[in-house]
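Student: Each chain, written out:
Number of protein chains: 2
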Amino acid sequence: NHYIVCGYGRMGRQIAADLKARDEKFVIVDAEEELEERLIELQLPYVIGDATHDDVLIEAGIKRARGLVAALTNDPANVLTVLSARELKPDIFIIARVTRMETESKLRVAGANRVINPYQIGGHRMALTLLRPVVHDFLDQIFHFGEGRNIDIGQIIVHEKSTLAGQTIGSSDLRSEHQVNILGIRKANDSLVITPNPNERIELDDTLIVIGPPEAIYMLERQNLVIDDEDDEI
Amino acid sequence: NHYIVCGYGRMGRQIAADLKARDEKFVIVDAEEELEERLIELQLPYVIGDATHDDVLIEAGIKRARGLVAALTNDPANVLTVLSARELKPDIFIIARVTRMETESKLRVAGANRVINPYQIGGHRMALTLLRPVVHDFLDQIFHFGEGRNIDIGQIIVHEKSTLAGQTIGSSDLRSEHQVNILGIRKANDSLVITPNPNERIELDDTLIVIGPPEAIYMLERQNLVIDDEDDEI
Ligand SMILES: [Ca+2]
Ligand SMILES: [Ca+2]
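Residue numbers (the numbering used here), protein chains in the order written: chain A, 18 to 251; chain B, 18 to 251.
Isolated chain A (complex conformation) (with noise of 0.2 Å):
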């Protein structure tokens, strides 16, 4: 139940401090033998190896990993460990970063959930604050991981069992009790409703995004069992 790290390059390093930030398990792959002391000296649990190959990702124990993420440097190396992860483990969730657009396709087709290009994801940001710099502080607030952090954004998953579905967002006890707010709610049928109103209902199936007190939000979270809809599921 851990994620595996594909890729120990300016990206991984990033992923490894978020996870590490958010008290999640996970393991390190990377080829390059010279990062096994570093690794070491942080304690960060790793296998040198070449994530492309199968043998490899099995000493990850990706057999019993939740989640995969290629972050390797080339296209091709993060397609074939795709590849790899997908048929290791079918019901994986991996995401896979891109550097050229027209490996995404591919790499959705090869098995990825979701593909993430940071060149793309840095121009928007970079569009954004020149345009609107007070909103890329607010978000630099909220995505910066780490110490000191008082906000934090979730996802809650509206089970059978929980108390929310059937109720207002206004007669929930989200904001009055724990001071967590709703950005949007997707729907069962994949539609969005962005900052809903306090009278819109929260039905079984919604998932939640809410912003507010990591501690609420983690606890809320885990009364409510993150998982990851099936239609995305190869």
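Honestly, the hints are just simulated from the structure, not real lab data.
All C-beta atoms in this analysis are idealised placements derived from N, C-alpha and C, irrespective of residue type, glycine included.
One should not assume that every hint holds.
As the list claims (entries may be wrong) - Listed next, the in silico DMTMM-like pairs over lysine to aspartate or glutamate satisfying Cα-Cα at most 20 Å (straight line):
(1) K204/B with D154/A
(2) K42/A with E232/A
(3) K204/A with D154/B
(4) K42/B with E76/B
(5) K106/A with D72/A
(6) K204/A with D157/B
(7) K204/B with D157/A
(8) K204/B with E177/B
(9) K204/A with E177/A
(10) K37/A with E58/A
(11) K178/B with E220/B
(12) K37/B with E238/B
As the list claims (entries may be wrong) - Computed Cβ-Cβ distance ranges for the label pairs, DEER-style:
(13) H70/A with A205/B: 56 to 66 Å
(14) K42/B with L105/A: 44 to 54 Å
(15) E54/B with P230/A: 49 to 59 Å
(16) R117/A with A38/B: 15 to 25 Å
As the list claims (entries may be wrong) - Cβ-to-Cβ under 8 Å is the rule here; a few derived chain A residues that face chain B:
(17) Y20
(18) R27
(19) M28
(20) R39
(21) G84
(22) A88
(23) R114
(24) Q137
(25) R142
(26) R149
(27) F155
(28) F160
(29) R203
(30) T212
(31) I226
Starting from the known structure of chain A, arrange chain B with the ligands on it as the hints suggest.
Tutor: For chain B with the ligands alone, kept in the frame of chain A given last:
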């Protein structure tokens, strides 16, 4: 009153696309002569030349520019571009891309108002997507500028002449009239109120971080001119 985008690489292209989607005026600066044909085809204004050179920035109209993005692929070139731009136009708003973390402070000393590291932002996003994919989908929908977008995020500065000053959030017509919601408020003393209560009072010099239909947000922003605070200026 235009923007200058230095570097038409992977990030520069995304920045140009986003600015175009928002009908903002801009000029691209890149030293690569082979880009010329493509830029003409896309009908994008450009200057072929080295952005670290004063004469090239002057040709791009820096004296009357509102903001500049240094999105070149190497850090030293971005530092020099920022220094040149800051010297040529002391009050311009400057954003710089950085690759190595340690260059960030140097870019700030050189005169950048904000510094963006695509690997850091991409890494944050990958970790978030791994743990909370629905939040990623939500952000993707908000920040994917372009055709068919029905939601945007904006910043509204509450000036003396604004009718918002003195009202509570609940009593203002932001939500009831414009379907615009307040995600946060940056107060005049730089503190941040996140997802404020409906009874929170809007004050003079607040900056409201809002989410809602693009047309409503642009209209409200135009009514409340988007300017930057003075404390980051050199
Ligand atoms: Ca899925
Ligand atoms: Ca400023």
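Student: With reference to the structure, classify each hint as holding or not holding.
Tutor: Hint by hint, here is what the structure shows:
| no. | hint | result |
| --- | --- | --- |
| 1 | K204/B with D154/A | 13 Å, holds |
| 2 | K42/A with E232/A | 18 Å, holds |
| 3 | K204/A with D154/B | 13 Å, holds |
| 4 | K42/B with E76/B | 15 Å, holds |
| 5 | K106/A with D72/A | 13 Å, holds |
| 6 | K204/A with D157/B | 17 Å, holds |
| 7 | K204/B with D157/A | 17 Å, holds |
| 8 | K204/B with E177/B | 15 Å, holds |
| 9 | K204/A with E177/A | 15 Å, holds |
| 10 | K37/A with E58/A | 15 Å, holds |
| 11 | K178/B with E220/B | 12 Å, holds |
| 12 | K37/B with E238/B | 18 Å, holds |
| 13 | H70/A with A205/B: 56 to 66 Å | 57 Å, holds |
| 14 | K42/B with L105/A: 44 to 54 Å | 51 Å, holds |
| 15 | E54/B with P230/A: 49 to 59 Å | 53 Å, holds |
| 16 | R117/A with A38/B: 15 to 25 Å | 21 Å, holds |
| 17 | Y20 | 6 Å, holds |
| 18 | R27 | 4 Å, holds |
| 19 | M28 | 4 Å, holds |
| 20 | R39 | 7 Å, holds |
| 21 | G84 | 5 Å, holds |
| 22 | A88 | 6 Å, holds |
| 23 | R114 | 7 Å, holds |
| 24 | Q137 | 5 Å, holds |
| 25 | R142 | 6 Å, holds |
| 26 | R149 | 5 Å, holds |
| 27 | F155 | 5 Å, holds |
| 28 | F160 | 5 Å, holds |
| 29 | R203 | 5 Å, holds |
| 30 | T212 | 4 Å, holds |
| 31 | I226 | 5 Å, holds |
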